[in-house]
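**Student:** Here are the chains, one letter per residue:
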Amino acid sequence: MALTLRINERSIAVEAAADTPLLWVLRDELGLTGAKFGCGMGLCGACTVHVEGQPVRTCVTPVGAVEGKSITTIEGAGHDPIGRAVQAAWLALGVPQCGYCQAGQIMSAVALLRNTPEPTDGDIDAAMAGNICRCGTYPRIRTAIHRAARELREAR
Amino acid sequence: MTQSSATTPPGAVSRPCDAAAESEQLPSPARRKVLKGALAAAGLVLCLRQSGRVALAGAQKYGAAGEPGGVVDNPLVFVAIHPDNTVTVTVHRPEMGQGIRTSFALVVADELEAEWPQVRVEQAPADQARYGNQDTDGSRSMRHFFEPMRRVGAAARMMLESAAAAHWGVPVSEVVAERQKVWHHGSGRKLSYGELAVQAAREPVPEAAAVRLKRPEQFRYIGKSSSRLIDGADIVAGRALYGIDTRLEGMLYAVVARPAVLGGKLAHYDAQAALAVPGVVKVVEIPSHPLPALSYPLGGVAVLARNTWAAIKGREALKIRWEEGPNRHFDSQRFETELQQAVRRPAKVVRDQGDAMGVLREAGRRIEAEYYLPFLAHASMEPPAATARIVDGHCEVWAPVQDPQGTRDLVTGLLGLKESDVTVHVTLLGGAFGRKSLADFAGEAAVLTKAMGGTPVKVTWTREDDIRHDYYQAVALERLEAVAGPDGLPVAWLHRSASPTEDATFEAGAEGEDSSEYGMGMINIPFRIPNVRLEIPGVPAYTRIGWFRSVYNIAHGFAIQSFIDELAHAAGRDPLEYQLALIGPPRRIDPRTLSDEWNYGESPQRYPLDTGRLHAVIERAAREAGWGRSLGKGRGLGLAATYSFMSYAAAVIEVQVGAGGKIDIPRVDIAFDCGPQVNPDRVRAQLEGSCIMGLTVARYGEITFRDGRVQQSNFNDFPVLRLPESPRDIRIHMQPAGFEVPLGGVGEPGLPPIAPALVNAIFAATGRRIRRLPLGTQLADWRA
Numbered sequence: 001m002a003l004t005l006r007i008n009e010r011s012i013a014v015e016a017a018a019d020t021p022l023l024w025v026l027r028d029e030l031g032l033t034g035a036k037f038g039c040g041m042g043l044c045g046a047c048t049v050h051v052e053g054q055p056v057r058t059c060v061t062p063v064g065a066v067e068g069k070s071i072t073t074i075e076g077a078g079h080d081p082i083g084r085a086v087q088a089a090w091l092a093l094g095v096p097q098c099g100y101c102q103a104g105q106i107m108s109a110v111a112l113l114r115n116t117p118e119p120t121d122g123d124i125d126a127a128m129a130g131n132i133c134r135c136g137t138y139p140r141i142r143t144a145i146h147r148a149a150r151e152l153r154e155a156r
Numbered sequence: 157m158t159q160s161s162a163t164t165p166p167g168a169v170s171r172p173c174d175a176a177a178e179s180e181q182l183p184s185p186a187r188r189k190v191l192k193g194a195l196a197a198a199g200l201v202l203c204l205r206q207s208g209r210v211a212l213a214g215a216q217k218y219g220a221a222g223e224p225g226g227v228v229d230n231p232l233v234f235v236a237i238h239p240d241n242t243v244t245v246t247v248h249r250p251e252m253g254q255g256i257r258t259s260f261a262l263v264v265a266d267e268l269e270a271e272w273p274q275v276r277v278e279q280a281p282a283d284q285a286r287y288g289n290q291d292t293d294g295s296r297s298m299r300h301f302f303e304p305m306r307r308v309g310a311a312a313r314m315m316l317e318s319a320a321a322a323h324w325g326v327p328v329s330e331v332v333a334e335r336q337k338v339w340h341h342g343s344g345r346k347l348s349y350g351e352l353a354v355q356a357a358r359e360p361v362p363e364a365a366a367v368r369l370k371r372p373e374q375f376r377y378i379g380k381s382s383s384r385l386i387d388g389a390d391i392v393a394g395r396a397l398y399g400i401d402t403r404l405e406g407m408l409y410a411v412v413a414r415p416a417v418l419g420g421k422l423a424h425y426d427a428q429a430a431l432a433v434p435g436v437v438k439v440v441e442i443p444s445h446p447l448p449a450l451s452y453p454l455g456g457v458a459v460l461a462r463n464t465w466a467a468i469k470g471r472e473a474l475k476i477r478w479e480e481g482p483n484r485h486f487d488s489q490r491f492e493t494e495l496q497q498a499v500r501r502p503a504k505v506v507r508d509q510g511d512a513m514g515v516l517r518e519a520g521r522r523i524e525a526e527y528y529l530p531f532l533a534h535a536s537m538e539p540p541a542a543t544a545r546i547v548d549g550h551c552e553v554w555a556p557v558q559d560p561q562g563t564r565d566l567v568t569g570l571l572g573l574k575e576s577d578v579t580v581h582v583t584l585l586g587g588a589f590g591r592k593s594l595a596d597f598a599g600e601a602a603v604l605t606k607a608m609g610g611t612p613v614k615v616t617w618t619r620e621d622d623i624r625h626d627y628y629q630a631v632a633l634e635r636l637e638a639v640a641g642p643d644g645l646p647v648a649w650l651h652r653s654a655s656p657t658e659d660a661t662f663e664a665g666a667e668g669e670d671s672s673e674y675g676m677g678m679i680n681i682p683f684r685i686p687n688v689r690l691e692i693p694g695v696p697a698y699t700r701i702g703w704f705r706s707v708y709n710i711a712h713g714f715a716i717q718s719f720i721d722e723l724a725h726a727a728g729r730d731p732l733e734y735q736l737a738l739i740g741p742p743r744r745i746d747p748r749t750l751s752d753e754w755n756y757g758e759s760p761q762r763y764p765l766d767t768g769r770l771h772a773v774i775e776r777a778a779r780e781a782g783w784g785r786s787l788g789k790g791r792g793l794g795l796a797a798t799y800s801f802m803s804y805a806a807a808v809i810e811v812q813v814g815a816g817g818k819i820d821i822p823r824v825d826i827a828f829d830c831g832p833q834v835n836p837d838r839v840r841a842q843l844e845g846s847c848i849m850g851l852t853v854a855r856y857g858e859i860t861f862r863d864g865r866v867q868q869s870n871f872n873d874f875p876v877l878r879l880p881e882s883p884r885d886i887r888i889h890m891q892p893a894g895f896e897v898p899l900g901g902v903g904e905p906g907l908p909p910i911a912p913a914l915v916n917a918i919f920a921a922t923g924r925r926i927r928r929l930p931l932g933t934q935l936a937d938w939r940a
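Going line by line, the protein sequences match chains P and F. The first sequence finishes on residue 156 if you use this note's numbering, and the numbering steps up by one all the way, no holes. The second sequence finishes on residue 940 if you use this note's numbering, and the numbering steps up by one all the way, no holes.
Excised from the complex, chain F in its bound form (with noise of 0.2 Å):
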């Protein structure tokens, strides 16, 4: 942690960061994203989350070991058991569609032996020093706690076993637990788990090494396809509790209007027509921060009333003038050229292999493209929205949050209160992919009740509020150049990525992405290629970038995905075989020779990059989709592979593209090997999702600033794929795999491969090429 006490002002709140030594040994930038003077300044000091993408912990900490919080396996933490027989494992990662309440719950009853009907789960609060890490990002809740949660269950299963042996005075070797009840051989006697409740709670915790984990062959939900979901039943009836539907006694409504220009401050406001309407009790002002950002609230003016609509109504009374600051003149057509002239000249060299740009510079033909990615919002469904109140000091929040310890950090500093004095309570998520990782919504929430003397106080973003105010998505202009050798597979691969940072979230001036930020998708390239040069121009942000559902992924395996099949039809080869050929026979590559020292935070050595993996998944998908068929005019097959957060996936899209550009997707296969599958029916579930998700990014997703301003703002003008759009057929392909392979993430390793594989098939279908997204009305005059 580079945090120094010199800038931190007297009586400033500092977490202890996980990593105190961290000063001393930065290894690479990636390490970096440590909050300096900027945010010490504030009076509040955090060790950054990064998304999971950076570890702050010591160089040689990988996994969930580095993150913040690290592992905590303790099952006194995680396990209650109640003398009615029930169990509570709480889950202490955020709910927000992934399934990890249902799957974390699952993986602790089958190593408990518990019953799934007596299993309820408990949702933990922030406190990452008593659950470990909570910062729900990067594909990791699973991948990370799976051994952890093994261990909690199978803890708390000895426990129950010793107390009984201890009951019934035989040796612990006698007894065995089952099915919720803790037998005795040869007696037969029997005690239910919630007879034994209390002094098995008594019983010393083993050590972690000699827990007894089950065989997988034992497992009795783990890898078992179930589609039960712990909150299905709550979610089908209405009951469910997300945050914006936090109701407390005396709660008041708010709704705020924010500076629409990032940077921008309150110059002047006039509320009187606001308090005159009908419901409104009063309007507060809310501080603007200096940028860098960060998750702090954007300032500006709340309205307060009896209820949201009065709320809504009051804001649109307001009458306010901005000072809109540096940004005012930010313009994202203007940028794209911006973009475009900057991946056009050399920058920052992050890998260089043979002599890329010797051939390049000597050939008689050389194939380039550009690819374009505009800015995204993530529009959750449920808009950003967060309630807290203050009672005797103490502050408690109620909100929809991926990183509750940021969370309470945040709102620990903006009080100016004590880490102990701030619970934060985590509520089902209603979506967030990511935006929910930056809780600016609960620092206003919190802002509030206290301006309000304590006051319960819901704040609800409108759909607007959420589509302006986002951290975007990164806008990216890829270029990527190549000689063909004889064969036509690249001698020569010259790729320079053009990205704001998200580090510039955090960060004044920061620039360019950094090494976590290309280490998704373009430094790890596995292919055989004898020259290589991979490029970073420094641009800089002008908005808030954020973190989109797989992030920098996105822009660079729509481009290095494109380029592929351009290649391969320039060399007048089949994208499939010539894709196979590129990545070669199967090896298991280290990422640092790929000069990528990220590997997502993960350990080189358990996580190589196995092409042979890669290799099979775009055979599997190839070989189900029946690549080659022939298809009717205007119809036509795409591929695309990626390899991101520890996992393979390849999809093949069919597409049918009609008059005026009409899309029909008859079928998607998607092959994936994530390792092996915790719970089956829930990693479908996400490869489904991210497959629509990613049609929406191919299709329509697009953010655009005009003086600074964003100018969509609802499901009008930032539409999202809906059901009649869906593919009619999407076959999910899981690449079975043994739980003696360690686990890849499940979340976000399906998009990227999505809108390649659409615009790969659009091509085979049509001949035109795609090479911005969205892909909008760009075959509007496309006859059929």
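Looking at chain P on its own, in the form it has when it is part of the complex (with noise of 0.2 Å):
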């Protein structure tokens, strides 16, 4: 069917089966490669991208829920300053290895941020637990969110 959807602040209409989940309709429909395949089950996270603002598994989210609702993408992850500096912070630290998993992570991050400016570990902990990294970047990920979440205040 039919489907408009509103990707990193443009429309986009699309042509796909409402319980076509919308990782695929991303990566293989409108070539946005960000947002990865890792699990398909909702468990690593690699996949996550935001609608209205809070992270969303797109490997397990049917296209058809979320026509019409503001999705953002790691490639619309630096159109905010909160994503900038997540992504800044990443490059200063150097965090990415393999960097397969890092989108998923940012996205992650960038959310946790918006609802939690000032993270403690713990707030760190819930919120980054369900992606997974097989490279182990999560010391520098931990710091990472820290070091933004600073750079933010100092902003502010």
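Treat the hints as calculated values from the structure; they're not laboratory data. Each residue gets a CB set at the ideal place from its N, CA and C atoms; glycine is no exception. It is possible that part of the hints are untrue.
[As the list claims (entries may be wrong)] Derived list of chain P stretches under chain F, where covered just means 3 residues or more per stretch with a C-beta under 8 Å from a C-beta of chain F:
(1) 19 to 25
(2) 42 to 49
(3) 53 to 67
(4) 73 to 85
(5) 89 to 98
(6) 122 to 128
(7) 148 to 154
[As the list claims (entries may be wrong)] Residues on chain P that point at chain F, a partial pick, calculated with CB under 7 Å:
(8) D28
(9) T33
(10) G34
(11) G38
(12) C39
(13) I132
Please assemble the complex out of the two chains, which come individually in their own frames, going by the hints.
**Tutor:** Following this line, the structure appears as structure tokens:
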């Protein structure tokens, strides 16, 4: 069926069955390959995007459920100050190794900082527990989130 | 190479192997890993690239020279300078998170005197004849190519200087290249690299011996800590492209149903329902090859569709009956019993020194223990995926592969093409850890595009496919026996290691670890023990065995380092002091005196085992961790140290065991000596990552088989460490070393000490000895 999606502040028409997971619409139909396939069961977080500002696992989210809602993918993460701060912290600390999971990690981190501008380690644990990194970048992710929070605080 | 032309059918594609005279001199079993009749019969002859753990070239060739393709250091192959003043460095080793695209570019840029912001990287396609060895494993990329890449940069710099001197008509001795410009002394004239690019490319390439390298104190990038990553900006913006991200015009998306049991074949299938799924275009059979598995596709039925989701749904709708073959009864629980039996009886002796058996027989008291490591899956975050198309008889493949040339050879053979008609583009690898050394998934894409008349096809593996069809880290059962002398140090040591060999993936019926496998941390123990006997039982493989980051070092390190902790406690001695006493005074041991003929393919003179360095990392880790400090109830420190891939690593883990066995790791201290560090920040990143992967091995990793089938499927039943379980504080302590010291490996050697350090810490905290990995719920009854 024909659907209209709002992705990264743009309106995009796409043809897809309503039960198709958003992930495959983004990746296969729209060429937005930043969101990654990792498990297909909402277990690893590699496919995370924001829907109405909240982190969502696109591999288990039917595209029909997000029609008309505001979707932000990693490709649009740099459009807002929190996204830019997180990306900058990731680079400053050399977080990525293979990088494959990092789009999902960043989207989860941005959502955390939007809801909790000054997260504790416990907040970070809770927000990031759903994002697997097999390379083991967790210590740097934790540090980078604290750093982004600090940069954002200082910019306020 | 023992390949016999007699077994090569007419028309088979035969890539000349790099050591034509090999058949006369196969000095050790480790060098026997070559493909034999089964493969030739299938119409494909390859040089087997054995994970860097085997050198195929002549007996006297070590290091990079001993690897297929050897070393190329021609600047015209690796460096391009453009009129816009940008510099492109071609990186021939795949990037899988180790940072090699950044690190090679840093090395070349440093010697070239290029400005980092002007440096770009291009990934080389598979072409070992052009680029030298590309098979990225064995922690070898920087170890083998640091010097060649320096020569590449320096030679290019000299060509720029020559071009400038010619342009100005002055002697070359009067010009100097610095910061991406060539300057003329005296006149102060200067030309940018961009301005010199065209002319410089016509200058003769200096002979290797004439290349002037920098002195280490002149380095601007090498050895300097910086978090710069050449792909960093693309990664954080979601622009970086991995194998699974490949998109071609008109491409079909494929998902494959493979036989659940290794060696299984399709008996019958009904595609009607699958073809009725909207978006499904075609269903295609992929032929199975007879075992051994090699890197061939497993065979099965592919569903090709307009998008990945339709292909997945189509596959669910297939009705398939399999003929399951001889492995259908494989049961890993029963196999554990077989392994136990195997280590309790005499086996092939691979090192025998003194009279260990006599001392053990006569001893009043023996200390003995058995340790178990299960099969492990790699579970890289990017599952296997590959895309292929054929245009005018030329096959192009895009794939995240560790062994580009091996992939090219595979596709060449599968499609019956000439090598020159196959191009393999190497994408970024979304993790690999050894899985993507064997590119069966790329073979699938090639077979499918051929079946579709060349239409581009991307094969995507689901996580379930990945977990169930891996080349697994081998299960291992390690038995150790010792007799302690009056001081508690062992006077006799018996170690039997029962583990299927990776060779079995290539050679039907191969049993037990080969010399490169027991060469990983078992045979080369540097302890002062007068009577040592090491034995390898011949146990079979019933699944595809592959390489997992640090490979057989995992089981050997876990067993040996746990056992030493047990011996120390039995002797009533402090485990740190005990291990240092066991290692003894600093000395440089020729590995051959330990019956280790392999030495990771490196020269025994250039890379002796230096017990002083091992001693030093242990002392450093212990000191930094505050070894001996008093900890509360349920808390403990555990120590382990290993030597692997020419590097020395020691870890001290602090653990708190809470009620119900809840594990908390407040701190890990790792001391590491890999010789000089070319890119210190990436060395640290690899150690952090190895620590976390090692903790997954220790706590969670386990693949089991029943009725020949893998019982796990996804991250729900094959859990990996998550951020909240990650140590709060990982401190990496690098041992300083000058650039005169040969480089050690980095990607793997941080992993082996982690599991034993954790179980030793758990023992210190609880008095419970964990001898079976993973830890899982073994401490569930613990009351804090």
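**Student:** If a hint holds in the structure, say so; if it does not, say that too.
**Tutor:** Do the hints match the structure? See the list:
no.	hint	verdict
1	19 to 25	holds (count 3)
2	42 to 49	holds (count 3)
3	53 to 67	violated (count 0)
4	73 to 85	holds (count 5)
5	89 to 98	holds (count 8)
6	122 to 128	holds (count 4)
7	148 to 154	violated (count 0)
8	D28	4 Å, holds
9	T33	4 Å, holds
10	G34	2 Å, holds
11	G38	5 Å, holds
12	C39	5 Å, holds
13	I132	6 Å, holds
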